[in-house]
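Q: For the protein sequence lines, the chains are A and B, in the order given. For the first sequence, this note's numbering assigns the number 427 to the last residue and increments by one with no breaks. For the second sequence, this note's numbering assigns the number 574 to the last residue and increments by one with no breaks.
By construction, these hints were calculated from the structure, which means they are not laboratory data. It is possible that some hints are incorrect.
As the list claims (entries may be wrong) - In silico contact screen, one side only, chain B against chain A (beta carbon under 10 Å); selected entries:
id : residue
1  : V120
2  : V123
3  : R221
Using N, Cα and C, we set each Cβ at its ideal position, and we do this for glycine too.
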Amino acid sequence: MFDYMTLRLIWWAILGVLLIGFAVMDGFDLGVAMLHPFVAKTDTQRRVVLNTIGPVWEGNQVWFILAGGATFAAWPYVYSVSFSGFYLAMMLVLVGLILRPVAISFRSKTNSAVWRETWDWLFFISGVLPSLLFGIAFGNLFVGTPFYFDPTLRVVYEGDIFGLLNPFSLLCGLVSLALLLMQGAAWLNVKADGEVAVNARRLGRRAAITLVILITVAGGWLSFGVDGYLVTSQLDPTGPSNPLLKTVVNVPGAWITNYKLYPWSIAAPILAYLGAIFMIIMALARKHRASLVASSVSVAAIVLMAGFSLFPFLMPSSSHPEQSLTVWDASSSEMTLGLMLVATVFFLPIILAYTCWVYRVLRGVVTETAILSGNDHYY
Amino acid sequence: MMDLDVVTLSRLQFALTALYHFLFVPLTLGLSLLLAIMESVYVMTGRTVWRDAVKFWGTLFGINFVMGVATGVTMEFQFGTNWAYYAHYVGDIFGVPLAIEGLMAFFLEATFVGLFFFGWKRLSKVQHLIVTWCVALGSNFSALWILIANAWMSNPVGAKFNPQTMRMELSSFKDLFFNPVAQSKFVHTVSAGYVTGAVFVMSIGAYYIFRKRHVDIARRSLTVAASFGLASALSVVVLGDESGYTAGENQKMKIAAIEAMWETEPAPASFTLFGFPDLETKTTKNEISIPYVLGLIATRSLDTPVVGIMPLVDQAEKRIKNGLSGYQWISKEGGRAHAVVPDDLENSMKDVGYSLLLKRIRPDIENATDEEIHQAALSTIPDVPVLFWSFRIMVALGFYFIALFSVAFYLSSRRRCARPWFLIMTMASLPFPWVAAELGWIVAEYGRQPWIIDGVMPTFLGVSGVPATNVAFSLAAFVLFYSTLAIVDIVLIIKYIRIGPYDHGVGDQCSMPLSSSMNA
Numbered sequence: 049m050f051d052y053m054t055l056r057l058i059w060w061a062i063l064g065v066l067l068i069g070f071a072v073m074d075g076f077d078l079g080v081a082m083l084h085p086f087v088a089k090t091d092t093q094r095r096v097v098l099n100t101i102g103p104v105w106e107g108n109q110v111w112f113i114l115a116g117g118a119t120f121a122a123w124p125y126v127y128s129v130s131f132s133g134f135y136l137a138m139m140l141v142l143v144g145l146i147l148r149p150v151a152i153s154f155r156s157k158t159n160s161a162v163w164r165e166t167w168d169w170l171f172f173i174s175g176v177l178p179s180l181l182f183g184i185a186f187g188n189l190f191v192g193t194p195f196y197f198d199p200t201l202r203v204v205y206e207g208d209i210f211g212l213l214n215p216f217s218l219l220c221g222l223v224s225l226a227l228l229l230m231q232g233a234a235w236l237n238v239k240a241d242g243e244v245a246v247n248a249r250r251l252g253r254r255a256a257i258t259l260v261i262l263i264t265v266a267g268g269w270l271s272f273g274v275d276g277y278l279v280t281s282q283l284d285p286t287g288p289s290n291p292l293l294k295t296v297v298n299v300p301g302a303w304i305t306n307y308k309l310y311p312w313s314i315a316a317p318i319l320a321y322l323g324a325i326f327m328i329i330m331a332l333a334r335k336h337r338a339s340l341v342a343s344s345v346s347v348a349a350i351v352l353m354a355g356f357s358l359f360p361f362l363m364p365s366s367s368h369p370e371q372s373l374t375v376w377d378a379s380s381s382e383m384t385l386g387l388m389l390v391a392t393v394f395f396l397p398i399i400l401a402y403t404c405w406v407y408r409v410l411r412g413v414v415t416e417t418a419i420l421s422g423n424d425h426y427y
Numbered sequence: 055m056m057d058l059d060v061v062t063l064s065r066l067q068f069a070l071t072a073l074y075h076f077l078f079v080p081l082t083l084g085l086s087l088l089l090a091i092m093e094s095v096y097v098m099t100g101r102t103v104w105r106d107a108v109k110f111w112g113t114l115f116g117i118n119f120v121m122g123v124a125t126g127v128t129m130e131f132q133f134g135t136n137w138a139y140y141a142h143y144v145g146d147i148f149g150v151p152l153a154i155e156g157l158m159a160f161f162l163e164a165t166f167v168g169l170f171f172f173g174w175k176r177l178s179k180v181q182h183l184i185v186t187w188c189v190a191l192g193s194n195f196s197a198l199w200i201l202i203a204n205a206w207m208s209n210p211v212g213a214k215f216n217p218q219t220m221r222m223e224l225s226s227f228k229d230l231f232f233n234p235v236a237q238s239k240f241v242h243t244v245s246a247g248y249v250t251g252a253v254f255v256m257s258i259g260a261y262y263i264f265r266k267r268h269v270d271i272a273r274r275s276l277t278v279a280a281s282f283g284l285a286s287a288l289s290v291v292v293l294g295d296e297s298g299y300t301a302g303e304n305q306k307m308k309i310a311a312i313e314a315m316w317e318t319e320p321a322p323a324s325f326t327l328f329g330f331p332d333l334e335t336k337t338t339k340n341e342i343s344i345p346y347v348l349g350l351i352a353t354r355s356l357d358t359p360v361v362g363i364m365p366l367v368d369q370a371e372k373r374i375k376n377g378l379s380g381y382q383w384i385s386k387e388g389g390r391a392h393a394v395v396p397d398d399l400e401n402s403m404k405d406v407g408y409s410l411l412l413k414r415i416r417p418d419i420e421n422a423t424d425e426e427i428h429q430a431a432l433s434t435i436p437d438v439p440v441l442f443w444s445f446r447i448m449v450a451l452g453f454y455f456i457a458l459f460s461v462a463f464y465l466s467s468r469r470r471c472a473r474p475w476f477l478i479m480t481m482a483s484l485p486f487p488w489v490a491a492e493l494g495w496i497v498a499e500y501g502r503q504p505w506i507i508d509g510v511m512p513t514f515l516g517v518s519g520v521p522a523t524n525v526a527f528s529l530a531a532f533v534l535f536y537s538t539l540a541i542v543d544i545v546l547i548i549k550y551i552r553i554g555p556y557d558h559g560v561g562d563q564c565s566m567p568l569s570s571s572m573n574a
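Chain A extracted, bound-state conformation:
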């Protein structure tokens, strides 16, 4: 079928697709969770906000589960190093991912105001924690994290959670917050009406503008302030998945070399900007769906930017750069990649098809009147 090198490249792309799927689909859920105390004041409004994502959040979350599973299967080094290295951060993400389903489902199940107020706050936290931490984690991919392997390829992680909180990564955390707030606002703009939608438009505008400023700062910082990594030895793209067989240096400006090598990749940052700008313009023009599409383009483009800048690195090591994980030496075996490709090519179109059908069935605005009438299922 394909050779090992092509398979690795394809799986790098599939990982990108899954992360984009997660950031776009689950992104608006996370954004909605963060926005809801600010866009919705009354109990009915909060229920409107919850019910815009009520029927779809489960499916959206699977993008994350699948991205995790696919990383485990296709990039086991990345899975084991990142999850164990970022242990406490991952546990906090997990708190968010556990709280969200229960908050959505349990909040309106009793009519005690204290109960609902509590779940509303937990719902808010369940949006902030993963959004912020995923951004910080991505930031640390650029900065590099301190890990190395012993001769049995057991990973030893030398940092702690505070090491993850460096300035550039914190900035990436803010980028992620702004990005998902924008996405959440664009979604609410499509699915809610009245005061909620008005508030969402206002906050979405601010988020998009903040995003444009933040990615400009982050881009400049990345080009001139963050030392990138560069493979300096031969690295056989069909060689064994063993990250100990190369040499790497840590040099300024290395994270923008790909944009010079492959000028077409500049499309990613351009789309990131254009998406955010059109998100605002389309919302002002009352073309809400177009605004959501523009926002999603921006979200996807930012994931692509990260991938393009890092390539071929997946996870650089700051303490032992020569042991960094790259696309060419951190994958699964050729057989596993081939097999998983067949499964993905078969199932992904089916998933997209039924997801589209479900969204079509659920189309339309969630209104306060409908919720108050109580003659349909609502959270």
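Go by the hints and put chain B onto chain A.
A: The following block gives chain B in isolation, referenced to the frame of chain A:
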């Protein structure tokens, strides 16, 4: 005082979170299928009482489902956070079924579950029925792939060690998929889930009949659950027996430990019904045995002996010694770009996993003394008394379920299920499927110890290099967090059982408006 190192803490955390997750999974498996069956009856007969039944059980299903989803994420995380070396060592194989589970099953289940609740007014009857079936199919497929992954840990087929990457790699997907342990585990586990769903529906149905509320829905639900449950309970016991057979083939030690059979018995081996296994003297006191039965279960014959624990320890000792030359070769040549296992070491390579048991005793295992090798071989004995008793209680419950469902089936077919003794017995049976399911997990997974992958990697080697304090912290957090959620979950389930099917309008049993004064 237990030695609370990172291995112990990680194992405790995994066991706790897996057992907790497994409180919700069996009910999702069983109830989703029961919902699909009841809704099929609704679509075929057009009688709205069936739709109301589906909506009512659906509400309880929803509360349970959300907990299952939430706690399932933890499981996916933990292979990476707490078992990083395991994840690296076998991700090439173990990750495959997990990823396919996401693609084929979980996406299906999770995408349609929202439509199950929100689609009643947006879909035609048949469309909605298809949605419900997709949820049921999705959750069952999900169990299939998870159990393929899980069974591989007990019977690691279709994989080979690659010295260049220092890990196990997939050599045959066919072997992985058609792993006999996976097949019997799958049928056994989903059947256990169906039993759980059936007992759940029957107990709550019995409660309504007892209280003379919602008798129309309760009686119908009870009838469906009784017949569905009877078939499932028979399957769980028969295919549990099939699990026994495959365990006998692949995991001789597990079955010997379950039996507390210290020495090989002449064929056909008898089954110890009762007794007190003693770890110190390696004997079982006050045994009551049934002749022939174990031999039949484990070997399907009357002339093949079932091997006892101590002879298996002797075998382990030989394998530990045999693996050492392979281990030494890996220490020297492993990780090189062109390393290939020499032909004359192939045999020793198969036993390197056994040699690794010595790592718990000393790091330089090539210098191990005979005494240390013997000690390592003894560590292959799992916790005999726990397995012995867990297994017996689980099997007893299995037979109890057959009896319960038979009675229920008989009474409901005669329309006599309102008898108080029957209703009380059924209500009291509510917790039993969970007890059996959790014990089943203990037999299967705790019984696999000391291995994380049978014969390939000892559990203690699989852990991440995280500080023990971090794991202690997360474990404490899980205990607190999960306990709170459990209380909330039970409170809500009880509340919705109390409310019942009709008291909140036919359309909406899921949530309620905040009273208007609060909403102002």
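Q: Each of the hints needs a verdict: does it hold here or not?
A: Structure-based check of all given hints:
1. A least Cβ separation of about 4 Å between B:V120 and chain A falls short of the 10 Å threshold, and the interface hint therefore holds.
2. For B:V123, the interface hint holds, the least distance from its beta-carbon to any beta-carbon of chain A being 5 Å, beneath 10 Å.
3. This hint holds: B:R221 has a C-beta 7 Å from the nearest C-beta of chain A, less than the 10 Å allowed.
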